[in-house]
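Given chain Z, work out where chain L should sit, using these hints.
Protein chains in written order, with our numbering: chain Z, 272 to 447; chain L, 33 to 559.
No wet-lab data here; the hints were simulated from the structure. We put the CB at the ideal spot given by N, CA and C, even for glycine. Any given hint could be a false lead.
[What the hints assert, rightly or not] Here are the computed distance ranges between Cβ atoms for each label pair:
id, chain 1, residue 1, chain 2, residue 2, range
1, L, TRP520, Z, GLU275, 25 to 33 angstroms
2, L, PHE472, Z, GLU275, 51 to 59 angstroms
3, Z, ASP274, L, ALA94, 30 to 38 angstroms
4, Z, TYR335, L, ILE476, 50 to 58 angstroms
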Amino acid sequence: MKDERTLVEGCRNKDRIAQRTLYERFAGRMFAVCQRYTRSRFEAEDVLQEAFIKVFSQIHTFRYDCPLEAWIKRVVINTAISYLRKEKAYLEQADIDNHTDAVAENETALSGIQYQQLLSLVRELPPGCQSVFNLYAIEGYQHNEIAEMLGISEGTSKSQYARAKQLLQAKMLESF
Amino acid sequence: MDTSEQNNFEENWRRAFDDTSETPPDSVWARIEERLDEEEKERVVVLPLWRRWQNMHWMAAAGVALLAISLGGWWLSQNTSSDTLRGNIAQNEAKVIVPNKEAISKEQNKKPAPEIASAEQTAQLTIEQKEDKQVYENPLQLSKKTSFASTDNSSNKKNKASDTDIVKKLPKNLAIKEESAVAKTQSSSPMPVLSATPPSNSILKENSLQTNDLITNQLTISTPIFESTPAAEINALDGKNLRNLPGLPKKQIWVAYQAPESSTEAPKKASTKEYWASVGIMPASYNAGVAIGGSSAGRAFAMSGQNALANTTNSTNAGSNRAALSYAVQWQGGLQLNQRWSIETGVNYLQGNSVFEGTNGFNVYTNSYVNNLEAAVNLSNNLTKQYDFVSAGNDKSQIQSFATNQNISNAYQYLQVPVQAGFALVKPKRKLSLWLIGGFINNIFLRNSFESGQERIVSVSGADNPYKTLSLSASTGMRVQYKMSKRWTTLISGNYQQALGSNTRSNALFDAKPHLFGVGAGLRYGF
Chain Z
272 MKDERTLVEG CRNKDRIAQR TLYERFAGRM FAVCQRYTRS RFEAEDVLQE AFIKVFSQIH
332 TFRYDCPLEA WIKRVVINTA ISYLRKEKAY LEQADIDNHT DAVAENETAL SGIQYQQLLS
392 LVRELPPGCQ SVFNLYAIEG YQHNEIAEML GISEGTSKSQ YARAKQLLQA KMLESF
Chain L
33 MDTSEQNNFE ENWRRAFDDT SETPPDSVWA RIEERLDEEE KERVVVLPLW RRWQNMHWMA
93 AAGVALLAIS LGGWWLSQNT SSDTLRGNIA QNEAKVIVPN KEAISKEQNK KPAPEIASAE
153 QTAQLTIEQK EDKQVYENPL QLSKKTSFAS TDNSSNKKNK ASDTDIVKKL PKNLAIKEES
213 AVAKTQSSSP MPVLSATPPS NSILKENSLQ TNDLITNQLT ISTPIFESTP AAEINALDGK
273 NLRNLPGLPK KQIWVAYQAP ESSTEAPKKA STKEYWASVG IMPASYNAGV AIGGSSAGRA
333 FAMSGQNALA NTTNSTNAGS NRAALSYAVQ WQGGLQLNQR WSIETGVNYL QGNSVFEGTN
393 GFNVYTNSYV NNLEAAVNLS NNLTKQYDFV SAGNDKSQIQ SFATNQNISN AYQYLQVPVQ
453 AGFALVKPKR KLSLWLIGGF INNIFLRNSF ESGQERIVSV SGADNPYKTL SLSASTGMRV
513 QYKMSKRWTT LISGNYQQAL GSNTRSNALF DAKPHLFGVG AGLRYGF
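Excised from the complex, chain Z in its bound form:
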């Protein structure tokens, strides 16, 4: 913790060594997050770059009220969503009011499946589904919260997720 504080203080003082250390400490895990929200490695690199620029410029707003990694991850996710919105690459679907839970009858366990394969599956999801899936299944947000975050209705969030789930399970059964 003390080390983390030293690192944060160094970054606040624009100490390049501290910035580099912080980047190297979290870049790997954050790059994995970026990969999940984007459709290509190139986009993920762009998001990672923008996110860390924001981290360094806004590090003074970090109040130690949560783990540093969680704070950085929030920045990364927000940057990713913002990036996708700018790229107009998500939410291709209109609201689907008649949400159904009748999906994913065939649960597929993920053990033994390689990370890269799973990542490919997520990336193959339609853009809107991809974001909702990441936020709901991986990050653990509720649909009403995701709706607020993405500026969509809660019903849309649910239907997007249902669709994502259906697609993923179908692909898993098909692929594995």
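The following block gives chain L in isolation, referenced to the frame of chain Z:
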């Protein structure tokens, strides 16, 4: 389908992606560094000043103190110069030169009187109290959302799942909120669970997964405003007051916050009963408030001795006091009882310089006040018999019977012990606070010295003097406090002191009711 299996979908995916890491190419850091360099160049004009300023608390304090002292000095010098000019005019009108005892001459200076500059000074202190956006630390509450197997098929909405809060007290006030969510009811077809075996490093993985769940669940993407500026976006990311941001959901998944009682109550509790010590200096305008013939003995003395001696009919009571530049060095300590009240005491050394200006009246030797005071001192010292009125009266060469006006510097040294209470007019929510101070000051007399026109300095001290050893003054004032850091505070204060009654003994030949106005600056250390 079993609800646990339904939730396994999310759980499995979460596990699959949690703690995953992929090394980005070096080019990413190179581009980041390039951007940082560019921004650094853009900020080089603005930022360094601010960053340096953050480390310049001492210089700031010194600057503020210097400013306060300068203002006080300027104010006093304005008053003093005005008074001096006025005094010079009077002196020029009737200046007495006594080269020796045998020669008495009168010289009238014909020089035109210089303009008397009246200086009025109004110090108005405006304190801007910025709206204090008090931001409470978001309580850190770690929450872990876990899915429990449940056979309850009546609940088919995850969002409407029954929650069971199990708050576990952990070290560092961390509480884990477990939200048991009844999984969605889905079709009951069995799932082909291929394997439930975790990866090879299963134990470590489980542990890290729990941690990552905690971290993951703390995440809150707090803004749906994606077109906002980066700054606003990041501010929204800040973990504070997320619920208050416009456009945010009423309910956040803030799974991570501290116990409310510790976050809201602790700061208040911590701020109460703080001891502090301060040191300061206060330039002041000190008026001795001397009035000759205050007591019956004095009046009797004036009628018998001096009037006879001077052979005039003028009373010597006519005279005025005016303030001169004085100062007080203050060492004080106090106790801040709560956010509103404080009590304080300490020791001040006061060097009170005043000028007694005789108006009209006769002049014996040099000045009536001096004579009176000297005589008073002598009388007070039981030396009355040694004061040879007759011989003095016979020596006409010592007597000047014309009207004159002369300034006599009159200095006092006191040790003061104030006992005061402070009330915060502007509560110290942030760095700046405004206090109303009031109380009493015990003045311990040390010395009085006055200078005659012939550069004769008479010192009055010791046990047998006309002054009370202890006299009381009322004190009131305002104080602005600027908290530079957790420990150090800069003080700027205005103080008015008025003697409660004369500070001379009852048998003294004159009264002295000094009053003082000063503007001081100081530095405080809180314990």
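Going down the list of hints, with the structure as the test:
1. Take TRP520 (chain L) and GLU275 (chain Z): their Cβ atoms lie about 27 angstroms apart, and the range 25 to 33 angstroms holds.
2. A hinted range of 51 to 59 angstroms for the beta carbons of PHE472 (chain L) and GLU275 (chain Z) is consistent with their spacing of about 53 angstroms.
3. The hint said 30 to 38 angstroms for the Cβ distance between ASP274 (chain Z) and ALA94 (chain L), and at roughly 35 angstroms that hint holds.
4. Evaluation of the 50 to 58 angstroms hint for TYR335 (chain Z) and ILE476 (chain L) yields a pass: the beta carbon distance comes to about 51 angstroms.
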